[in-house]
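Assemble the complex: chain X is given as a structure, and chain D must be docked to it using the hints.
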Amino acid sequence: MSYAATHDHHDDHHGAPKGFFQRWCMSTNHKDIGTLYLVFALTMFFIGGSFAMLIRAELFKPGMQLMQPYFFNQLTTMHALVMIFGAIMPAFVGLGNWMIPLMVGAPDMALPRMNNLSFWILPFAFLLMLSTLFMPGGGPAGGWTLYPPLSLQSDSLAYVVFAVHLMGISSIMGAINIIATILNMRAPGMELLKMPVFVWSWLITAFLLIAVMPVLAGAVTMLLTDKYFGTNFFNPGGGGDPVLYQHIFWFFGHPEVYIMILPAFGIISEIVPTFARKPIFGYKAMVFAIASIAFLSFIVWAHHMFAVGLPLGAEIFFMYATMLIAVPTGVKVFNWVATIWGSSMTFETPMLFAIAFIILFTIGGFSGLMLALVPADFQYHDTYFVVAHFHYVLVTGALFAIIAASYYWLPKWTGNMYSEFWGKVHFWNSVIWVNVLFFPQHFLGLAGMPRRIPDYNVAFANFNMISSIGGFLFGATQLIFIGVLIHCAFFSKKKATDRVWEGARGLEWTVPSPAPHHTFEVPPVIHDDELAHGHVND
Amino acid sequence: MTSGGIRRSFTAAAALALASFGSVVHAAPGPWQLNMQRGESTWSQVPYHLNNISLAVCTVIGILVFGAMFIAMFRFRKSRGAVAEKWSHNTMVEVVWTTIPVVILVVLAYLATGGLTSWADTTGSQMTVKVTGYQWKWRYDYVDYQGKPIDKVGFMSKLDTQSDRTRQLGSGMDPFAVKVGDESTYLLNVDNPLVVPVDTKIRFVITSGDVIHSWWVPATGWKLDAIPGIINAAWANFQTPGTYRGQCAELCGQDHGFMPIVVVVKSKADFAAWLAGQQAKSAAPAAAPAAASSAAAPQTSQAAPVADTAKQG
Numbered sequence: 001m002s003y004a005a006t007h008d009h010h011d012d013h014h015g016a017p018k019g020f021f022q023r024w025c026m027s028t029n030h031k032d033i034g035t036l037y038l039v040f041a042l043t044m045f046f047i048g049g050s051f052a053m054l055i056r057a058e059l060f061k062p063g064m065q066l067m068q069p070y071f072f073n074q075l076t077t078m079h080a081l082v083m084i085f086g087a088i089m090p091a092f093v094g095l096g097n098w099m100i101p102l103m104v105g106a107p108d109m110a111l112p113r114m115n116n117l118s119f120w121i122l123p124f125a126f127l128l129m130l131s132t133l134f135m136p137g138g139g140p141a142g143g144w145t146l147y148p149p150l151s152l153q154s155d156s157l158a159y160v161v162f163a164v165h166l167m168g169i170s171s172i173m174g175a176i177n178i179i180a181t182i183l184n185m186r187a188p189g190m191e192l193l194k195m196p197v198f199v200w201s202w203l204i205t206a207f208l209l210i211a212v213m214p215v216l217a218g219a220v221t222m223l224l225t226d227k228y229f230g231t232n233f234f235n236p237g238g239g240g241d242p243v244l245y246q247h248i249f250w251f252f253g254h255p256e257v258y259i260m261i262l263p264a265f266g267i268i269s270e271i272v273p274t275f276a277r278k279p280i281f282g283y284k285a286m287v288f289a290i291a292s293i294a295f296l297s298f299i300v301w302a303h304h305m306f307a308v309g310l311p312l313g314a315e316i317f318f319m320y321a322t323m324l325i326a327v328p329t330g331v332k333v334f335n336w337v338a339t340i341w342g343s344s345m346t347f348e349t350p351m352l353f354a355i356a357f358i359i360l361f362t363i364g365g366f367s368g369l370m371l372a373l374v375p376a377d378f379q380y381h382d383t384y385f386v387v388a389h390f391h392y393v394l395v396t397g398a399l400f401a402i403i404a405a406s407y408y409w410l411p412k413w414t415g416n417m418y419s420e421f422w423g424k425v426h427f428w429n430s431v432i433w434v435n436v437l438f439f440p441q442h443f444l445g446l447a448g449m450p451r452r453i454p455d456y457n458v459a460f461a462n463f464n465m466i467s468s469i470g471g472f473l474f475g476a477t478q479l480i481f482i483g484v485l486i487h488c489a490f491f492s493k494k495k496a497t498d499r500v501w502e503g504a505r506g507l508e509w510t511v512p513s514p515a516p517h518h519t520f521e522v523p524p525v526i527h528d529d530e531l532a533h534g535h536v537n538d
Numbered sequence: 539m540t541s542g543g544i545r546r547s548f549t550a551a552a553a554l555a556l557a558s559f560g561s562v563v564h565a566a567p568g569p570w571q572l573n574m575q576r577g578e579s580t581w582s583q584v585p586y587h588l589n590n591i592s593l594a595v596c597t598v599i600g601i602l603v604f605g606a607m608f609i610a611m612f613r614f615r616k617s618r619g620a621v622a623e624k625w626s627h628n629t630m631v632e633v634v635w636t637t638i639p640v641v642i643l644v645v646l647a648y649l650a651t652g653g654l655t656s657w658a659d660t661t662g663s664q665m666t667v668k669v670t671g672y673q674w675k676w677r678y679d680y681v682d683y684q685g686k687p688i689d690k691v692g693f694m695s696k697l698d699t700q701s702d703r704t705r706q707l708g709s710g711m712d713p714f715a716v717k718v719g720d721e722s723t724y725l726l727n728v729d730n731p732l733v734v735p736v737d738t739k740i741r742f743v744i745t746s747g748d749v750i751h752s753w754w755v756p757a758t759g760w761k762l763d764a765i766p767g768i769i770n771a772a773w774a775n776f777q778t779p780g781t782y783r784g785q786c787a788e789l790c791g792q793d794h795g796f797m798p799i800v801v802v803v804k805s806k807a808d809f810a811a812w813l814a815g816q817q818a819k820s821a822a823p824a825a826a827p828a829a830a831s832s833a834a835a836p837q838t839s840q841a842a843p844v845a846d847t848a849k850q851g
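Chains X and D supply the protein sequences, listed in that same order.
Numbering-wise (the working numbering), the first sequence opens with residue 1 and increments by one.
Numbering-wise (the working numbering), the second sequence opens with residue 539 and increments by one.
Keep in mind that the hints were calculated from the coordinates and are not lab data.
We treat Cβ as the ideally placed atom computed from N, Cα and C, and that holds for glycine.
There's no promise every hint is true.
To be verified - Below, computed lysine-lysine pairings styled on DSBU-like, alpha-carbon distance capped at 30 Å:
1) D:Lys804 <-> D:Lys690
2) X:Lys284 <-> D:Lys616
3) X:Lys18 <-> X:Lys494
4) X:Lys493 <-> D:Lys616
5) X:Lys494 <-> D:Lys616
6) D:Lys717 <-> X:Lys61
7) D:Lys616 <-> X:Lys495
8) D:Lys696 <-> D:Lys819
9) D:Lys624 <-> D:Lys690
10) X:Lys61 <-> D:Lys696
To be verified - Derived CB-CB ranges, DEER-like:
11) X:Gly238 <-> D:Gln684: 46 to 56 Å
12) X:Pro136 <-> D:Asp712: 31 to 41 Å
13) D:Met711 <-> X:Ala57: 12 to 22 Å
14) D:Phe604 <-> X:Pro311: 35 to 45 Å
Chain X on its own, in the form it takes in the complex (with noise of 0.2 Å):
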């Protein structure tokens, strides 16, 4: 009713723009270029979802078959940086633009045509690294992480840095954007204490994005004058130290984690409340874990370090400051699971995404904290167990959630419902999958199998043959999940309410389906009934 009652006597007088390059390449619109985030990061997942095939595929069963070793490390190395920097932080950066401004009744982003750069950097970023894959030298191969002295033995290396420098520029401009949209812009009653989580957690996140960024564009730069300008920052030969790299960058690598776990936090504390048809539990709590956990991200990155040969008191502290995050966290799951207690569910596709989301992030969690534990690390560390706790956290943690997302929204996006039937045919047929896929990378890093291994021993067969098998099951169940996209947005009959789900609280089901090119011009009028969490007492 608030977008009604200061839209009424409003003339739709200037829509999207007609020509196709004057709508997607010149845009300042915060929908339109949350869409281009969002097409963007499907484009790159199904990218770096075929590498991560061709990884399988190698790994199906032992003995070299497809590719040889060099090739190997490439597609890792790629998959991982196409789906950290292509995939989850786009479609992360993709929601915002479009969910943000509508959540806090905002008319637009406030710097609509930094918007545009901040997207339009990516493309090319992308096609600078993933050209090195067809040059003579190939692609880096020395692991996302680009440690020093091995990647200083690429020929791409140039490639990757600039790469690295356009995506950090992108995300800085796209995170100061998004801090002043959300304290700036805020219609008038629409207080920090009563916006959505989601909105929350990528005000955090920005603060986040903003610190670390710049920390990896200067160790990659270091790279760089190390490999080309005769600079000895990790060169041990003229006085340097590989170690300080690593320092270096997972300073910048452990906040870039929760970067990439925040706004999923926030996308299923709005999702369980919708369709549990209950308020959150504990909404100030669940704001100050988020602020708590983004705290002590800056103070844990040695974690990812315990086998250096790092100094006694060094790994103590680090270990301690690693097994806190276990608190906040713990938090969150609990009042995920409180929130549902005495609710009245119903689970439609983002309902059991979410759902999926709270179980099999809280595997990863609990891997996270034996991984913490600096002896047992000193097994695990380096081992398929590692693959096996990260890609729960990331691809049933970050990625379920981003699917959840598209499903919660897309009716506002698009106007139309998507086929129900489908999405849960997407849904069961992921949840299976990815199982069969990372679980038995458990057993096998506890087993002994490093990572990063082209080849193993034939002790290792039988659960990377599952493992293979459910990867490419799930690798093909998400082109379902392009087919319900298409279906959805261009040939669905089923027209989407305002409201689209019956438990939907918050601005954003107050503007029509879809929502038009330009919504709230008049800050809409707020009554706190209509917010997700207006009426916030603990």
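Then chain D, alone, in the frame of chain X:
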């Protein structure tokens, strides 16, 4: 593998679960192995027990949390006529579920800290071996034993010929056929294993000649990075003679997957005999003036023992 195959696989996994989680000791990884190996050194029990304890803690918490979720999903369905309640916080339970994890974490941290402190203490070692990582092989130099320095005993250790031929792209050879005795050693066997005595606290000093590697024999319970310009130290005290296998655990380039580690643990008497033999061999080429210093490494490499990686009692 068909779906029937998958089903058979899971049945077999279930049948072997007991054995794998039980007290069976694995010197090398076995098919369907589910849990970490216990290891064969005095310290390797620490990660093994921490792994089992933390896994048990996580399992119990998981059963409670996921159990509550499944009960909720069953009871509080709209289709069963459930009506949503209005409450959205409860200070009491929030304090409880913040405090209990803290207590569990303190216990785990206590156990882990004790284990870590004992790992870091390399004092009182009776032997020192220098381990150097290269792309893509290891070098072992014997530094001292029982307080006496050892001269010129050192050799390169790289992937065995049979594995190396089999692993070539399009070799057409069967990885399952690579065996020593009845043990499948594909990619886990070397030409010259590291030979050490049983029941001796051995200090390993680990470094690298090019990029970062990581020296990992699961039977010791730890891995430690081999980093150029840095010398790391750790120790192991093997309790049983035998052959223990491991691999490089840090991505080090194209043949990262093909630089295994084999440690042969011998009785003290056998080790003393082996060491004397090595010293005698290395004395011979050293006497010849033709042995230029630049060729020292390959020379000693040839002086290394004939491949001897069969299981030793």
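Exercise. If you check the beta carbons of proline 136 of chain X and aspartate 712 of chain D, does the distance land in 31 to 41 Å?
Worked result: Once the Cβ atoms are compared, 34 Å apart, the range 31 to 41 Å for aspartate 712 of chain D and proline 136 of chain X holds.
Problem set entry | Proposed proximity, lysine 819 of chain D with lysine 696 of chain D (alpha carbon, max 30 Å) | The given pair, whose Cα atoms are some 20 Å apart, holds under the 30 Å limit.
For this session: Would you check the hint for lysine 624 of chain D and lysine 690 of chain D, treating anything up to 30 Å between C-alpha atoms as holding?
Result: violated, 79 Å
Exercise. Given the hinted pair lysine 284 of chain X and lysine 616 of chain D, is their alpha-carbon gap at most 30 Å?
Worked result: holds, 27 Å
For this session: Determine whether the Cβ-Cβ distance between phenylalanine 604 of chain D and proline 311 of chain X falls within the hinted range of 35 to 45 Å.
Result: The hinted range 35 to 45 Å holds for phenylalanine 604 of chain D and proline 311 of chain X, with Cβ atoms some 39 Å apart.
Problem set entry | Consistency of beta-carbon spacing, alanine 57 of chain X to methionine 711 of chain D, with hint 12 to 22 Å | 20 Å Cβ-Cβ, so the 12 to 22 Å window holds.
Exercise. Under the criterion that the straight-line Cα-Cα distance not exceed 30 Å, is the pair lysine 61 of chain X, lysine 696 of chain D satisfied?
Worked result: This hinted pair holds, its Cα atoms lying about 23 Å apart.
For this session: Below or equal to 30 Å on CA atoms is what counts here, so check lysine 616 of chain D against lysine 495 of chain X.
Result: Holds. Lysine 616 of chain D to lysine 495 of chain X sits at ~24 Å (cutoff 30 Å).
For this session: Could you grab the alpha-carbon distance between lysine 493 of chain X and lysine 616 of chain D and see if it respects the 30 Å cut-off?
Result: Distance of about 27 Å is within 30 Å: holds.
Exercise. Is the hinted pair lysine 494 of chain X and lysine 616 of chain D satisfied, with a Cα-Cα distance of at most 30 Å?
Worked result: Roughly 23 Å between the alpha carbons, so the hint for lysine 494 of chain X and lysine 616 of chain D holds.
Exercise. Does the alpha-carbon distance linking lysine 717 of chain D and lysine 61 of chain X stay inside the 30 Å limit?
Worked result: holds, 17 Å
For this session: Given the hint of 46 to 56 Å, check if glycine 238 of chain X and glutamine 684 of chain D actually sit that far apart at their C-beta atoms.
Result: With a Cβ separation near 39 Å, glycine 238 of chain X and glutamine 684 of chain D fall outside 46 to 56 Å, so the hint is violated.
In the structure shown, a violation is registered for the earlier hints numbered 9 and 11, in ascending order.
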